[in-house]
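Peer 1: Once you've looked at the hints, dock chain B against the given chain A.
2 protein chains.
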Amino acid sequence: MKDPLLLPELRELLSNNDVEGLKKFCQAGHPTAIADFLSALTPPEIRRVLGVLDPPKRAEIFSNLDEEVQNELVRELPRRELADIFTHMPHDERAQLFQRLSEEEKASLLPALAQAEREDIKKLSSYEPGTAGAVMTSDYATLSPDLTADEAIRKLRHEAPDKETIYYAYVVDDKRRLLGIVSLKDLILAPPNKKISEIMSTDIIYARVDEDQEEAARKISKYDLIAIPVINGDDALVGIITHDDAIDIINQEHTEDMEKFMAIAGKHSVGAYLRTPAFRHFRNRAGWIVGLAVAGFVSGAIIQSFEDTLRSLVILALYMPMIADTGGNTGSQAATVVIQALARGEISLRDFGKVLFKEFQVSLLLAVAVAAVSYIKVVFISQDATVPPEFTLAQIAGVIAIALALQVVTATLTGALLPMLAVRFDKDPAVVASPAITTLVDITGLLIYFYCARLFLGV
Amino acid sequence: MKDPLLLPELRELLSNNDVEGLKKFCQAGHPTAIADFLSALTPPEIRRVLGVLDPPKRAEIFSNLDEEVQNELVRELPRRELADIFTHMPHDERAQLFQRLSEEEKASLLPALAQAEREDIKKLSSYEPGTAGAVMTSDYATLSPDLTADEAIRKLRHEAPDKETIYYAYVVDDKRRLLGIVSLKDLILAPPNKKISEIMSTDIIYARVDEDQEEAARKISKYDLIAIPVINGDDALVGIITHDDAIDIINQEHTEDMEKFMAIAGKHSVGAYLRTPAFRHFRNRAGWIVGLAVAGFVSGAIIQSFEDTLRSLVILALYMPMIADTGGNTGSQAATVVIQALARGEISLRDFGKVLFKEFQVSLLLAVAVAAVSYIKVVFISQDATVPPEFTLAQIAGVIAIALALQVVTATLTGALLPMLAVRFDKDPAVVASPAITTLVDITGLLIYFYCARLFLGV
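Sequences listed follow chains A and B, in order.
First residue of the first sequence? That's 1 in the working numbering, and the numbers climb one at a time after it.
First residue of the second sequence? That's 1 in the working numbering, and the numbers climb one at a time after it.
Next up, chain A with everything else stripped away, as it sits in the complex (with noise of 0.2 angstroms):
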């Protein structure tokens, strides 16, 4: 959407100072296009295109832009504005923005702001961050069950300019507990003096507020909803979670879970990549690498402890890389496999016992392919290698190749299991992460192969 040979333009508007410009500029987009473009501006020109707007528009836009860019434009911009902008921005949001804010920010911000707002924003900023409270909003419709259906059109008619939504209409009581749920197509199509309580259809699907927003995600992406209702420990409503902010939650789990199965601490803004400097890179991605490196003394140890063994048969050094290699190779699938099956509800911990033996079979598989191509891999690689006369090339290949077949049915269970063990201790399975696998089968591979030749070859 971004179009380099407009931005030229726009800053011609800035500098003649050409409001009505400026004004024409903004309607003609989508508003996520125009945040995205206006983006390429400094801070202080994007809050003089804003200051053009009328406080709805202005406050459309702010909240469609990054959110390193609205901190910025938040120290930008004087208090009144600032407030004008919370007043009108989307609830959810707002209470995000809110909680970015510094104490003194905070402080300094709420007395601007009328009452309403000012306790809807202190209610919403004060759910557990990942919890469906804190990603709701307050901004939806409810219904009295006793009203009739074109009573209940008109009200959402009559509310409609400053909803988020009118699609779906809540009924609750008059202690906001959930009744029944009712949409506009339903509304619509129902007798004009029928009454909500025989329209609405009380067979809800809800999340609780404090319960993982993943959680209520998915219920949004199984049952098709436009948005879900959320209630509190009185079953009492208080908010919605919409389509659109699903698909975010399930975009930012999903990056979560490849980020922590691949070891990186990233805590960092959607579109920041080139934006974060290099130091900070590297702090997100050191604590593993360097981790995984102390934890390397214990292999090394190994690997020592076994040197006159190495010494007397250094063929077996040759090959060590390779037990390595493809323990952490099929540990890692398996971890995948299992992790993605949990993820979708495929399994649960209940099919542990199913799961172990499913993937003992699919090693054996493995184990037995791997330990063929491993087989002639020895005997024709190492065909001039310096083997002691009490052995043949060809024994000592076949004890490769056994070490190597358990290695694989011993990595591939170790990759099954720690998924489900973090699940068992309520971790999400995806901190397991692939290079943790990668350096626990390498100490369990180095025993594997050293215990092995000792035991076939006697050294």
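These aren't lab readings, by the way, just hints derived from the structure by calculation.
Incorrect hints may have been included.
Listed next, the in silico DSS-like pairs over lysine-lysine satisfying Cα-Cα at most 30 angstroms (straight line) [said to hold, decoys possible]: (1) B:K194 - B:K123; (2) A:K219 - B:K175; (3) A:K222 - B:K122; (4) A:K219 - B:K23; (5) B:K185 - A:K163; (6) A:K222 - B:K24; (7) A:K163 - B:K163; (8) A:K23 - B:K194; (9) A:K24 - B:K219; (10) B:K123 - B:K163.
Since the structure is predicted, the reported quantities are computational estimates derived from the model, not experimental observations.
Peer 2: Frame of chain A, contents of chain B only:
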């Protein structure tokens, strides 16, 4: 939603042939929940439950069943009942089901359908899988630009019972070219006599029929749409993709990306982990694992060619796995970060140089940290190692640290480079599998390691 206590009750209703009871049961919950529940029955039982329902309800529950269960039922159902279900299913889902039928099943089904359905199915299933055309539905409301708001509402009300969504209506000319979009909210808020052409938004976000489905889903996500219109080469409206399909596409792409990156060739339907036979799992996973084992010929040959070096300095063999592991970890991390930044559109091919420079900076920092740890590790673990008199342990540890630092830089740059090269050649960056990176940097790492030893130690 599956409640195991209810299953015996349901079976009892079935064995008593209690039609009213079965009907009531199927009306009592969300169709997705009912479908989940029915999945615990055998296909003939499911068929009997569906048989008591009226056709629209039957089709609704059927279309919420897992793909595999649908496939089994198709074989159970007589042609007449199947045609009934096809008539009432959502247009996009029936086209996808149709594509899964065998040629004989297709040929037998088509004559049983009304002409309109037949043509719709043929048209929708004619698009390339993976494109916007293949996932769109033909079930949407259109309006003519010279209707009034009031006339439009009446038209939508009339069509509502049969349409998947009426919350967006598409304004088209007599050649079905898309002129604008109007939301039901806009219509409700507009003065009754105002013309659609004056109310509609002409700033349309759309997808092309041959566009990647992921691209269309990303637009729905970015612009917070309930649905996106899909147009063909003549700019005529041919379908829409709805928000719930966008979530399905995003979830599916996430799974595929993760599987590609972890080198699994899986082409399995959702919900299938336990049902998939071990041999099929093996087939999905063996290609890569065995392929990588074969690729290990190269690193095996490299190590073999340095057998004499290793023989004279066995301590070098002890730290070969560390070189391989650290390279694999840093390379996969860099690839993950770059793949995600590409997927989110944070970087593009134009940033090639900037990305490499950023990763180079990160890799230098990582190299220093990891080299320091490895130096300490070698000195500490190998105190008792046999070191030839011409070298000190500190010298050897220094050379290993230098080699490791070079390996970290090379591996990080390789990991960052490969996904960008994939994009350059129009491939999905996630095809760059993490195990492939590991295998590649193994080779470069070994060469770096042995050449450093030769250069600095003369062995």
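Peer 1: If you check each hint against the structure, which ones fail?
Peer 2: Violated hints: 1, 2; rest satisfied.
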